[in-house]
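Chain A is already provided as a structure; the job is to place chain B with the ligand on it using the hints.
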Amino acid sequence: MAELVYNEQGRLLFTEEMRQEYTILIPNMLPIHFTMLERIFNNHGYKVKLLRSMGRKIIDEGLENVHNDTCYPALLCVGQFMDALKSGEYDVNKTALMMIQTGGGCRASNYIHLIRKALKRCGMEQVPVISLNLAGLEKNPGFKLTASMLAQFITGICYADLLMLLANQVRPYENHRGDSDRLIEKWIDKLVEIKFSYTAFDRISAEIVDDFKKIPYTPDPDKVKVGIVGEIFIKYSPLGNNELQNFLESEECEVSCPGLIDFLIFMGDHQVVETKLYHTKYKKYIASSAVKSFFKMMQNKIIKALEGTRFRPPAKFEETKKNVLPFLSPANKMGEGWLLTAEMVELISSGVNNIVCAQPFGCLPNHIVGKGMIRKIRAVHPEANIVAIDYDPGATKVNQENRIKLMLSAAKAQLGKS
Amino acid sequence: MSLYGINAYTSNYNSLYSGLYNRSKSYSTSTSDLLELAKKADMVRSPSYRKKMLEQLKNNFSDKSDTSEVGSSSNEMKLSSNAKQLSADALSLSSGGFSSWTNKSDAVKNFVDKYNSEIESLADAETTADKGRQSTLINTTQKYRSALEDIGITVGEDNKLSIDSSKLLNASERNVRSLLSGSYSYGSKIGYDMGGVSDSALDLVKKFAESYNNTLDSLEKSDSVQALEKGVSMVNTTKAFSRTLAKVGISVGSDNRLTIDEDALKKAPEETLRSLFSGGYSYANKIADKASFIGRASALEAQLSNSYTYNNKGGLDFFSQMAASLFENMI
Ligand code: SF4
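In order, the protein sequence lines correspond to chains A and B. Numbered according to this note's numbering, the first sequence spans residues 1252 to 1669. Numbered according to this note's numbering, the second sequence spans residues 100 to 430.
These are computed hints drawn from the structure, not numbers from a lab. Note that the structure is predicted; figures quoted are calculated from it, not measured. Hints are supplied without guarantee of correctness; some may be wrong.
Computed list of lysine to aspartate or glutamate pairs in EDC-like fashion (alpha-carbon distance at most 16 Å, straight line) [as the list claims (entries may be wrong)]: (1) A:1437 / A:1458; (2) A:1308 / B:388; (3) B:346 / B:362; (4) A:1300 / A:1289; (5) B:346 / A:1376; (6) B:288 / B:217; (7) B:157 / A:1342.
Okay, chain A solo, but in the shape it has when bound (with noise of 0.2 Å):
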């Protein structure tokens, strides 16, 4: 067993040693996102394994171990941590755990001392954390974030945010059950192959619509077109939103979610705010507004690579951003802050009136900027058919799924009488 090494804030360090035996275990929050990262990670000396589970046994580890006030997030993150430590799968003496940190003023970057106070409630401490982050905050040395993996971490997200969108414009409609996420699958290995290219990511992009449009289908009218908006990690994780997108493909849904381009984007872009309103520090305000152009290049990339085809492409960054300026100002930044109402704004003026705002409990920005401002949307859109729903650890997926169903409902007659 590796030696524990700790640092003079008495933090355990994941070192050098612990890199070449040590599994490191990530939550699944977007699953294609994150089994690229997985993959990524491994291709670079690490043993990354990307948590999968689900079921009550994880919340009711989470409840156990976080004080019930913290927001449902969090709580999962936590208790799939624990259950997986305790499963067996893993040996506790050659696992670490990583977590990515925003470093924003939300909880989110606190989750990191909610799962160390777990350990140690648990009578785990010798097993070390990880923080992954841009920020530079707490260093390990077993644990470098290398030029050629930020590299293909950050064209890995455009590649992810194509094939989820590809995916769930093809997937309801496809003939033989299963295409699209075997193209996936197959779209990942080689995109691991050519190492997440970004010199070649226009023919890439290209050759993957056109696998996708290859897909044999059968359009279908009376399938309901239904967003999904929220907190991100409600939004996107099965686990956090009782797979959500599974329960509403089932319903004979086409499900519409925004990328993880556009909360990159937003990342940037309010810190360029952050610089206008309160003047704080240039030097963040130069590295930010770069962050913001470059994924706003591959955004465009992303739209132009599905010009003249049959799928529906993202909005480009700054006419969301346009769109929701009647609604609440550019200041609102924490949580999703106002790129949660911007996407629901969005995904109406794009035809998809139908939209679950899904809530964790406890999350405090996410309730403004969410289920706050659904009334006012509204009011402009009467059009609009929101319906926001509260993910806690006492919420059963039934009733969760029965007021989808009344929304749907809702849909289809609107989709009859059109």
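Only chain B with the ligand this time, still in chain A's reference frame:
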């Protein structure tokens, strides 16, 4: 072969089998996918791979003293019966198959002894911390004086506690527990918990540890990949709980066997014992599940080891492979 190499094979093995029995996932039936599955099957079933994997897995159970013959059908049967016994013992612990964790009189006696010895040691308190602790003990006890008297504990002039046996005998188990154990109780306010494991509970924990060790002994002699994998998982779960187990006097050795310190176990706090052994997500319940799987897997391995036939390349012939997958499907 490195450990990671083995892990990679193991995950192939798992995905192969999950592909065969996981009905919730739709698997393609295209020829290329089937060929891919068949290739994985060949790799997994090749004798050299199997041998390496078995060696690696068995490292977890070796106590280095036993060098007897391994891998026969009777060994599998022995493993099966040990694992089933372990599962039964773990289940009786988790479902509370005994009257009570603690014996009322022993628990109160332990509590009072611990309290009195601390009061004695603080008699000449000089430091601020010691003085603070002394006043917490005395003041909190005074507040609970009448409740303590109701269950037969009296507070003396010297601030020490004494037991009125006849009153304690008549006191309800529930009252004793709510006063001495659990959050917000008098016990928790002074940082104590009710120790004093009852004889029936003690016997059951001892039986559990014995069956656990016996199962590990027989795992070392097994040739069932599935049983061995679950065995590793069982050992890993025990490692995850090892520090909590240590708090109740159960230590996990370097050979992964459990050893009980009876004195420590007798005085172990009830809350910790409950969290470890009672309920659906407890340590005992997790072990029960795994042991029950090992029991079934090794019983099937015993049947299979009598019926396998090999082809001229040293692999299993087609019908044996089919039989193996059918049996493994049933696990
Ligand atoms: S946005 Fe809400 S749910 Fe997400 S971390 Fe912040 S408080 Fe928690």
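task = Hint by hint, work out which the structure violates, then give me just those numbers in ascending order.
result = none
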